[in-house]
Amino acid sequence: MAEITLDKVVKKYGAASVVHGIDLEIAHEEFVVLVGPSGCGKSTTLRMIAGLEDISGGIVRIGDRVVNDLPPRKRNISMVFQNYALYPHMNVRENLGFGLKIAGESPDNISKRVDEAAAVLGLTPLLDRTPAELSGGQRQRVAMGRAIVRRPEVFLFDEPLSNLDAKLRGQMRAEIKKLHQKVRTTVVYVTHDQVEAMTLADRIVVMRDGRIEQVGTPMEAFNHPRTTFVATFIGSPPMNLLPGVIAGGAVRLADGTTVPVPDRLKPHARDGRKVTLGIRPDDISPVGHGLSQDGPGAEVDLTVELAEPLGMESLIYTRLAGQEVLAKLYGPRIVQPGEQLTFRMALDRAHLFDAETGQSLRLD
Amino acid sequence: MPFWRRESATPFLLLTPALLTMAFVVIIPLVFSMYTSFTGYRLVKPDSLYDWVGFRNYARILSDWEFWVPFGRTVLFLTVVLNVEFLLGLGIALLINRITWGQRTLRTIMMFPMMFSPILVGFQFKFLFNDNIGIVNNALQSLGLSDGAIAWLVDAKLAFFSIAIAEIWMSTSVFAILLLAGLFAMPRDPLEAAKVDGCNAWQTFRHITLPFLMPFAYIAMAIRSLDVARAYDIVTVMTDGGPAGRTEILWTLIARVGYDNSRMGMANAMAYVSTILSILFTWYFYRKLVAARRYMGGAQ
Ligand SMILES: Nc1ncnc2c1ncn2[C@@H]1O[C@H](COP(=O)(O)OP(=O)(O)O)[C@@H](O)[C@H]1O
Ligand SMILES: [Mg+2]
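Order-wise, the sequence lines are chains G and U. Under my numbering, the first residue of the first sequence carries the number 1, and numbering increases by one thereafter. Under my numbering, the first residue of the second sequence carries the number 1001, and numbering increases by one thereafter.
Okay, chain G solo, but in the shape it has when bound (with noise of 0.2 Å):
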């Protein structure tokens, strides 16, 4: 059994802290992300479990075990490298079966083990190359299979797909998910891009400068922001956002423009507060080319200022209390910048975020 739990781990370098007291429960078999924007602290909170960063304070277990003092190799992982760190002299077939020859395993066992892991990722005709003769994604299922052949409790990735192209990142992706299900470990996969994120993960841990923001399935994170930072940073192209104060159990916005507050939100909307709306462009959609037409909703006219036709859907940048608001229209139309439409807002998935706190006003 290998769950992992942090308890108020904190890192600091010198007198810099960057990662805050984290608390994180990760069970047995989960895969768990860490997701957050370049330089929050998810590698160093992943290299901190992996032990190859001292923990400045707070605890660390795997399993049952506190691994603060355990050097990496006493802590039965194995983790892939954003760089894929390959033994450059080795080739292949050396990489892969370099962990199991340190840990003194028969030729045999090893010359097996290796087949079996190149045979599930494809690597078999590339067993005897170096890493200096492999394209980037060879390289990358070669770092995978080394981390898979040694069998850990878990398995720990440091952003493993950012240096594939796009398409490659895609189809990486899928085979990292149906490998969990082939071989079920535990998991702890760092990544900035929240779509992998979302795609990958039972559960994401959204960090931010050193502190966690919110922890929950992906689909908890998108549907339930806890606060604006985590509503821009899951959900691609990311939430409106716009400033406003409670008035009348409306939210008025900068140019007087009303929207009214959902029932969900009533118990929190005291007039006078001051609040940010928050709204996904899918949730605002010319009248008749939205996802849901009925349920609470506002409408207001808008012009056009530039339109991205996406085939069955069109992105369209518009403005509203003057600020830029993404929208989106569902169908074959083409929009003409200029164009005058009225939009209708999907208000039952909207939020109410604090101005000053960015919390979600449902968690007061």
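Since the hints were made in silico from the structure, they are not lab data. Please read these numbers as outputs of a predicted model, since none were measured by experiment. Heads up, the beta-carbon is just placed ideally off N, CA and C, and yes, glycines get one too. Be aware that one or more of the hints could be misleading.
[Claimed, not checked] Pulled a few chain G residues facing chain U out of the computed Cβ check, cut under 10 Å:
| no. | residue |
| --- | --- |
| 1 | Leu52 |
| 2 | Ile55 |
| 3 | Ile77 |
| 4 | Phe98 |
| 5 | Leu127 |
| 6 | Thr130 |
| 7 | Ala132 |
| 8 | Ala143 |
| 9 | Arg146 |
| 10 | Leu156 |
Model the placement of chain U with the ligands on the given structure of chain G, informed by the hints.
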């Protein structure tokens, strides 16, 4: 228009000074010495320059223990010195790579021995190892480790050892510096991967760091093998190949034959044979280097 005014002649005209210099400094001496190695040329008898003897000099050398013993001694000297310098240089580089404070200063200090003329290094060690007034014997006796005076530079084995010490003292930093450069260039990722893969510190060093450093070691060995194969000054100063030829190496032998015995034709023949030795060593290390560099292309 005369040909030297033509545009197509310009590059050759511009190259002429360089070509002339090359000819006088390299090509003519080379051809001349090659020629003399096929003659019975003696410095004291200028006429003997035209005394063509074909391969007689070479035939004599190759069948003469007087030549093969110094030849073998040179190879042995080379092997011992290069290996010890490699190991010491590696140790020094690893230690210096560890420290975070005063590293630059240490790197500079480390290069001091290279700044001395080999002749001076020879004198310095000749005095250190002197059997009457040398500090080595003095120290050994004061510490009670030996009661008589050890004849460092007289006994064949000890003299060989003393010369090797001088050579090693002078040039270990070549290895240390190149290996340190290698350590600086070493990517951190594979080291971390190895730790995760289960390596302890020694295994990481043995399986990851060392293979990465070997190309740097081969460069150092190629440089140093050329250096040591033509070692002359230190040996001449410390023992002059003696006593009774017990520390004779190739170049002391060649100088003796050429200048003392004035048999320049023979000496040149020996020099050409020993050049082959240098070429072999360099070729060997270069091959190793090329092989190592092929995979280092993927060090990302
Ligand atoms: N060795 C180090 N010394 C000082 N600061 C560091 C060091 N490594 C990382 N940091 C800082 O820690 C923060 C988090 O880094 P990291 O965990 O790599 O972020 P990311 O989320 O992009 O993986 C960054 O601000 C980075 O500058
Ligand atoms: Mg990172």
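Consistency of the hints with the structure:
Residue-level restraint check for G:Leu52 holds (minimum Cβ-Cβ distance to chain U is 5 Å; threshold 10 Å). Taking 10 Å as the C-beta contact cut-off toward chain U, the hint placing G:Ile55 at the interface is violated, the least distance being around 16 Å. Annotation: interface hint on G:Ile77 holds; nearest CB of chain U at approximately 6 Å, less than 10 Å. For G:Phe98, the suggested interface contact is upheld, since its CB lies about 6 Å from the closest CB of chain U, less than 10 Å.
With 10 Å as the threshold, the beta carbon of G:Leu127 stays out of range of chain U, its nearest partner Cβ sitting at about 15 Å, so the hint is violated. A least Cβ separation of about 5 Å between G:Thr130 and chain U falls short of the 10 Å threshold, and the interface hint therefore holds. For the restraint placing G:Ala132 at the interface with chain U, the shortest Cβ-Cβ distance is roughly 3 Å, inside the 10 Å limit, so the hint holds. A hinted interface residue such as G:Ala143 counts as satisfied when its beta carbon comes closer than 10 Å to some beta carbon of chain U; here the least separation is about 8 Å, so the hint holds.
Checking G:Arg146 against chain U by beta carbon gives a least distance of about 7 Å; that is within 10 Å, so the hint holds. Hint status for G:Leu156 relative to chain U: holds, with the closest Cβ pair at about 8 Å, below 10 Å.
Taken one by one, the earlier hints fail for this structure at numbers 2, 5, listed in ascending order.
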